[in-house]
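Undergrad: Chain by chain, the residues run as shown.
2 protein chains.
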Amino acid sequence: MESQDFAVIPEGTVASPKGFIAGSAYAGIKSPKPDARDVAILASVTPCTAAGVFTTNKVRSAPVIVSESNLTDNRAQAVVVNSGRANACTGDQGLADARQMAALTAAKLGVQAGDVLVAGTGVIGVLLPMDKIVTGIDGVRLSEDGGHDFARAIITTDTRTKEIAIWVELGGAKVTIGGAAKGAGMIHPNMATMLAFVTTDAAVEPGFLQTALRRAADLSFNMVTIDSDTSTSDSLFLLANGQAGNPPVGKSPGDVSPDAATFQAALTYVCTYLAKEIARDGEGATKLIEVNVEGALSETDARLMARTIASSPLLKAAVHGNDPNWGRILAAAGRSGAEMVEAKTDVFIDDLQLMRAGRPLPFDKKLASGVLNRPEVFITVRLNLGAYKATAWGCDLTEEYVRINSAYTT
Amino acid sequence: MESQDFAVIPEGTVASPKGFIAGSAYAGIKSPKPDARDVAILASVTPCTAAGVFTTNKVRSAPVIVSESNLTDNRAQAVVVNSGRANACTGDQGLADARQMAALTAAKLGVQAGDVLVAGTGVIGVLLPMDKIVTGIDGVRLSEDGGHDFARAIITTDTRTKEIAIWVELGGAKVTIGGAAKGAGMIHPNMATMLAFVTTDAAVEPGFLQTALRRAADLSFNMVTIDSDTSTSDSLFLLANGQAGNPPVGKSPGDVSPDAATFQAALTYVCTYLAKEIARDGEGATKLIEVNVEGALSETDARLMARTIASSPLLKAAVHGNDPNWGRILAAAGRSGAEMVEAKTDVFIDDLQLMRAGRPLPFDKKLASGVLNRPEVFITVRLNLGAYKATAWGCDLTEEYVRINSAYTT
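Those protein sequence lines, which keep their order, are chains B and W.
In terms of the working numbering, the first sequence opens at residue 1454 and continues consecutively.
In terms of the working numbering, the second sequence opens at residue 1454 and continues consecutively.
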């Protein structure tokens, strides 16, 4: 895909697009280690057309509430993020704290408080230590080279940063799209995502920007699952500052012009890369699992089944142990709620077929175990009912996941 | 409850009701260890009014298909069960094998093949070793004292048997209800259950029997979750042979006479006991978790939220580590889909209140950790919206769960 329409920038970051700057500081919220940066700011030198997608959890963090409100005018210029505490289930004081984070960042950058988005993840039900936040925001130094520092400061139990930037040609102009994300636990987004920040110097119409972001999220972040737990903080932001000088993309939300299609594909590529990086870095995970469901009666069915299989704890544990216990794939498919006819169903692990039209095929257990003993495992279920398909990503379930989550606040 | 209306029989089994006999044999399907009994038969000396509830998974095992078909006349006299292989995803041969199990059992007992129900759990996608099954069925010796042997033979990864029998007075007659169940993994029943067998010498009308069983299942087995994975083999059977001589219970499916209410309560008690035993013995589990949701707008909402909280891997891991990370309770409640208003919600662990009307309360972490460090952990969410409530049961998530399920077939 990228070879035709776009190219990945080596060491690209969320600050790679023209006119974006980023940075972070250590405030002592996440960890007592002085290299554990935990306050980060991302900004554009000019106001941006902006879009956001947020958690569908009925319990929503204060940053989610404040950011959604600040995005109603489809405009934003900066994002401030902390890690270590989610500022969720914190009542009115939490809301006031999130608004103060926006105000402090606005004052620091000389932008409007209503143009600052807020995000944060970490422990739920504990107020932010605002003295530390104030010091942290004050200490952030922003620059064009600050993308890596930003990506490093937003993570919590992640073992590595998730970053990408790509070039794409739009209307004769060279446009850059950058992104950074965090997330390794409480990952089962629903019409939203963990924390992800996408930037572009493309000029994009606001209605199209929101539609394109939602579509990209549906194909990427919303198809990732680590532990079936939808977070209260899930937020995906997209800021487009137009500095690339391309003719604005997307006359209407449903624009299908070549430029609109190219932008959608490029945006989906960036989101999918970040989403897969999140699944690969799932808490305790050692493998990325990709589940493809084909031949479904509807896209809804294909998506539902792919996500259900990718989130089955039994399948995830079997993949961890290189155990070709493929009955668990079928059991998860069957309980997903999607239409299926057992007697028509084919099942594959990688290119090894284990079931044909509902009948188990004899297979070499050692060979199958070897196929599972890889950093990326591909599972395919062909329903042979219709023309729809979907892909979901997850990770294996390990003893380490349990250890990490048995002792998080204490 | 039991003190008023019924009494638990010490060492009671599924064969405790009058006229029931049971037994098992070793056939070498589940394990090479000669004490690993794996074929079991339960029978009544006279034909029974019978009812069943089965898995809602679209992939259904051959025993489920055969048993449901044999129950269409609301009549049964025996059940044959194997452990070690589920006979699921086995195509036409699997169906023929399940029917042969019924026929062999019928011939052995001198009953009609259509009056024999079939069940089995274990690995999916592998044919039954019918030669071993034939020898196994032939070797079973049935007796009134065979209930424990039956309960022992049906288990797989369970660490102990699940059995109970109670006495209850119905229309002046002393009636017995017995039950045996198995299940420790792939436990997230939906309008059905893992394997459970309930017997009674009560006389019960068939329509009422089915309705009563479904209601009992909804309050018990359907509120248990170990790992969110609904099995392809879930089956719950109830056989009533009328030998207690009580006036038949349940003129209509919705009978609300005192006898009908007493029978319903007693049946629900037996099913709830077995369901909790399954949760307590969840693969790798060290604790039983009981989740109570109160003040919901509907029973559906209360059930949905209770089950979602009980199945949250993050909460289950936190309970395992005695970590009072109560934000995970609220995050699971919020993603359940049930109506809730954060600002009205109260959260308790045991009698320790952690949130009042959406505000976190200061609490002693050591005290909270101590409350979690018990074999039974009680979590309560009060929504303060309506009059409905529900209870769900689950277990903690441990490293041992992952170890058990990383290597099951290999």
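Do not take every clue at face value.
[Claimed, not checked] Quick list of in silico lysine-lysine cross-link-like pairs, DSS-like style, CA-CA up to 27 Å:
no.	chain 1	residue 1	chain 2	residue 2
1	W	Lys1511	B	Lys1842
2	W	Lys1486	W	Lys1585
3	W	Lys1797	B	Lys1585
4	W	Lys1797	B	Lys1511
5	B	Lys1585	W	Lys1819
6	B	Lys1486	W	Lys1627
7	B	Lys1819	W	Lys1561
8	B	Lys1486	W	Lys1819
9	B	Lys1729	B	Lys1511
10	B	Lys1627	B	Lys1486
11	B	Lys1704	B	Lys1819
12	W	Lys1842	B	Lys1511
13	B	Lys1471	B	Lys1585
14	B	Lys1511	B	Lys1627
15	W	Lys1511	W	Lys1627
16	B	Lys1819	W	Lys1729
17	W	Lys1819	W	Lys1471
18	W	Lys1585	B	Lys1818
19	B	Lys1818	W	Lys1486
20	B	Lys1797	W	Lys1511
21	W	Lys1471	W	Lys1627
22	W	Lys1585	W	Lys1471
Keep in mind the hints are simulated off the structure, nothing from the lab.
Undergrad: Which numbered hints does this structure break?
TA: Violated hints: 3, 6, 7, 10, 11, 13, 14, 15, 16, 17, 22; rest satisfied.
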